[in-house]
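In order, the protein sequences belong to chains L and R.
Per this note's numbering, the very first residue in the first sequence carries number 1; after that it's consecutive.
Per this note's numbering, the very first residue in the second sequence carries number 1; after that it's consecutive.
Rather than coming from a laboratory, the hints here were simulated on the basis of the structure.
From the three backbone atoms N, C-alpha and C, an ideal C-beta is built for every residue, glycine too.
Among these hints, one or two may not hold up.
[As the list claims (entries may be wrong)] The list that follows gives simulated cross-link-like pairs (lysine-lysine, DSSO-like), each with its CA atoms no further than 27 Å apart:
hint, chain 1, residue 1, chain 2, residue 2
1, R, Lys62, R, Lys361
2, L, Lys214, R, Lys220
3, R, Lys220, R, Lys181
4, R, Lys375, R, Lys62
5, R, Lys220, L, Lys141
6, R, Lys74, R, Lys279
7, R, Lys353, L, Lys141
8, R, Lys141, R, Lys447
9, R, Lys141, R, Lys320
10, R, Lys141, R, Lys123
11, R, Lys353, R, Lys104
12, R, Lys447, R, Lys279
13, L, Lys214, R, Lys99
14, R, Lys117, R, Lys104
15, L, Lys141, R, Lys279
[Said to hold, decoys possible] For the chain L half of the interface with chain R, some residues (derived, Cβ under 7 Å), not all of them:
hint, residue
16, Thr37
17, Ile124
18, Gly127
19, Asn131
20, Gly228
21, Arg245
[As the list claims (entries may be wrong)] Just the calculated beta-carbon pair ranges, DEER-fashion:
hint, chain 1, residue 1, chain 2, residue 2, range
22, R, Asn253, L, Ala198, 57 to 65 Å
23, L, Pro27, R, Glu199, 54 to 62 Å
24, R, Glu322, L, Met108, 46 to 54 Å
25, L, Gln46, R, Glu322, 43 to 51 Å
26, L, Phe260, R, Ser244, 46 to 54 Å
27, L, Phe102, R, Glu321, 49 to 57 Å
Chain by chain, the residues:
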Amino acid sequence: MDKTLKKYFPLFLLPALAAFLIAFFIPFLLGLYLSFTEFTTVSNAQWVGLRNYVRAFSSNRDFLNALWFTVRFTVVSVITVNVLAFALALALTRDIRGTNLFRTIFFMPNLIGGIVLGYIWQLIINGVLMNFGVDITFSAKYGFWGLVILMNWQMIGYMMIIYIAGIQNIPGELIEAAAIDGASPFQTLYHVTIPMVASSTTICTFLTLTNSFKLFDQNLALTAGAPGRESAMLALDIYNTFYGRMGYEGVGQAKAVIFFLMVAVIAFAQLFLTRSKEVER
Amino acid sequence: MKRVLAAVLSAAIAVSFAGCSSSPSSSGQSSSQTSGQTSGADVSSSQGTSGKGEKVYYLNFKPEVAEIYNEIAKTYQEETGVEVTVVTAASGAYEQTLKSEIAKAEPPTIFQINGPKGYVSWKDYCADLRDTDLYQHLTDKALAITDGQGGVYGIPYVVEGYGIIYNDAIMQKYFAMDGAKASSVEEINNFETLKAVVEDMTAKKGELGIEGVFASTSLKPGEDWRWHTHLANLPLYYEFQANSIDLTGDATNTIQFQNSEHFKNIFDLYLNNSTTDPKLLGSRQVADSMAEFALGQCAMVQNGNWAWSQISQVEGNTVKEEDIHFLPIYTGMEGEENQGLSIGTENFLAINKNVSEEQQKASEDFLFWLYSSDKGKDYIVNRLGFIAPFDTFGEGESPADPLAREVLDWMGREGVQTIPWNFTIFPSQTFKDDFGAALLQYAQGSKSWEDVASSVVSRWQEESAVG
């Protein structure tokens with residue numbers, strides 16, 4: 001049995017490997033190559049070395065501004081999404097009538113696409129701001145908090161499901177033992193529940209972190225960078241660079257490569273840090 | 001741990017499905033519609049049609065007439081058996097769509113470039129059209145895009161004009177009032193009169209039954225082309241004229257924006273006499289402005305003759321066809337009494353030289369059919385409403401829609417100075433976007449006009465340098 005498996009395993013691997021190569025690896029290498037070239041379409045590229053990378057930073061401050069905006073947004077939304085999602089999960093793992101209904105409803109925003117959400121929230125936020133005689137394009141602050149609200153609304157339900165799974169996975173004996181030992185509800189929360197859901201926390205922070213960092217649709221639909229480019233995040237800036245002027249496709253590509261490296265480094269660092277806090281079972 | 005993992009995985013699948021289904025519908029609405037239509041056409045005439053070599057793929061620039069193009073493709077296939085695929089790029093996303101489509105295995109055979117700047121970036125793909133029938137029939141050969149050595153790479157297919165569209169019913173109501181600042185539209189032939197009339201109309205807007213004289217100045221990013229491109233064309237045209245700038249040379253790499261005050265004149269007039277508070281303009285779209293006009297909430301809106309389809313399709317449209325006319329955009333320049341509409345083109349057909357000979361030929365034939373056969377011309381004139389610059393169109397073969405007729409009328413007037421479309425040499429989309437953003441900040445009161453004007457000058461120079 002083992003022998004046949006060993007014999008045929010390359011064959012079984014082939015479809016997945018082919019899909020991986022075609023859909024991920026080759027485009028990735030092509031993208032990497034294009035970041036060192038000047039091109040209009042992918043088929044007429046000319047090698048220019050590192051010039052695109054220099055231009056990404058030197059031609060204007062858009063990229064750095066977008067980076068700073070993205071970092072601030074990511075920090076705020078990772079904290080708010082996770083705290084609120086965990087609170088909801090705690091509430092919905094108690095015996096409340098209609099728990100399943102609530103869980104479904106909270107999860108639903110996740111099923112709507114980012115562009116649609118962006119336009120819906122733009123209407124809502126503008127409707128509110130209208131009372132103050134302004135709209136969301138008036139200041140980057142409005143765009144920032146609009147994005148945070150939108151991100152929370154969309155992501156909380158999803159993260160809540162993961163936390164619920166984690167909380168339900170805590171052995172009943174542990175909670176019982178804590179109760180017998182006279183732990184207050186807060187002590188139970190801090191010393192039992194939170195450490196026990198650390199694996200959920202790892203996944204949730206990972207997902208919120210990378211999703212916030214890579215946010216594009218919502219940003220495009222909600223503010224499109226207005227006012228000016230002040231509320232443009234990294235992905236939108238890359239898009240604008242790529243399509244905004246002739247001859248800057250390569251610079252956009254270079255920014256995309258830098259972007260990839262940043263997301264990868266941050267995600268690995270986060271995984272490493274939170275993994276170490278997980279409780280082994 | 002296992003249960004967590006299972007939950008995550010199932011949730012991830014749900015999300016990825018949701019993602020897959022939502023993203024194409026948001027970006028490619030018109031193209032999916034198109035492919036549905038063409039595949040339908042494919043079935044209906046599949047027997048006895050030609051092989052793969054003769055397929056024509058037309059990448060359409062004008063979303064407002066996408067459906068008419070699909071019909072044209074169907075008709076052409078019924079007549080000749082040649083399959084024509086029409087894909088329409090979303091508004092403002094033509095370059096993006098073209099960039100991705102042209103790199104595919106079956107690239108567009110006919111695409112559009114937007115002028116000399118567009119030619120520079122797409123010259124690796126533009127076939128020489130000097131021997132085509134279509135070019136031979138072009139009325140004014142100077143309109144075509146050439147490389148300066150006899151090669152022809154872009155053929156204009158429509159002439160368009162823009163100005164201030166007004167609703168004559170409201171204007172007549174105003175002129176009949178006591179103390180009106182003018183007694184007929186003919187008297188409005190400079191900025192001073194226009195300003196006096198508009199401001200007086202604003203004061204009497206209650207009696208006129210309008211919410212503002214001008215439709216809202218749409219400054220939402222991507223919807224601001226009426227200002228950073230069309231309106232900006234006027235002061236810059238006068239600047240190029242005054243300094244005798246050669247538009248094909250490097251002299252256009254810098255501008256002084258010396259007529260910025262004139263831009264401000266008219267822009268302020270738009271902002272201050274509008275249906276909408278200037279602070280709320282950042283989320284207004286062109287469609288909003290056109291709807292306001294169509295519903296009779298305002299008397300004037302700056303746009304071009306292509307807007308007729310938008311106006312006439314608004315539900316509850318109260319503007320009568322005979323009441324809709326053009327007024328030139330007066331900015332306070334000296335001698336503007338003789339100024340006409342801004343008439344020109346930014347739509348040039350190009351044929352992809354990297355597709356097979358047969359496909360290039362089939363594309364040429366399709367275009368020539370469209371602009372010379374009776375059926376094709378009927379589509380152009382009566383359905384698309386194009387003013388076509390070809391001598392295949394005889395007397396009386398011009399569009400019937402009121403705005404196109406107005407453009408033709410203004411073109412034919414004696415002693416009127418028509419403003420050409422010089423914005424085809426604006427340095428880049430980034431320049432225009434930044435200009436639009438600056439205008440929005442000016443409208444919101446967070447940027448002074450001096451800053452706007454100086455940023456236009458400096459951004460122009462920077463963007464010209466990188467191009």
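Hints that the structure is at odds with (numbers, increasing): 3, 6, 7, 8, 9, 16, 17, 18, 19, 25
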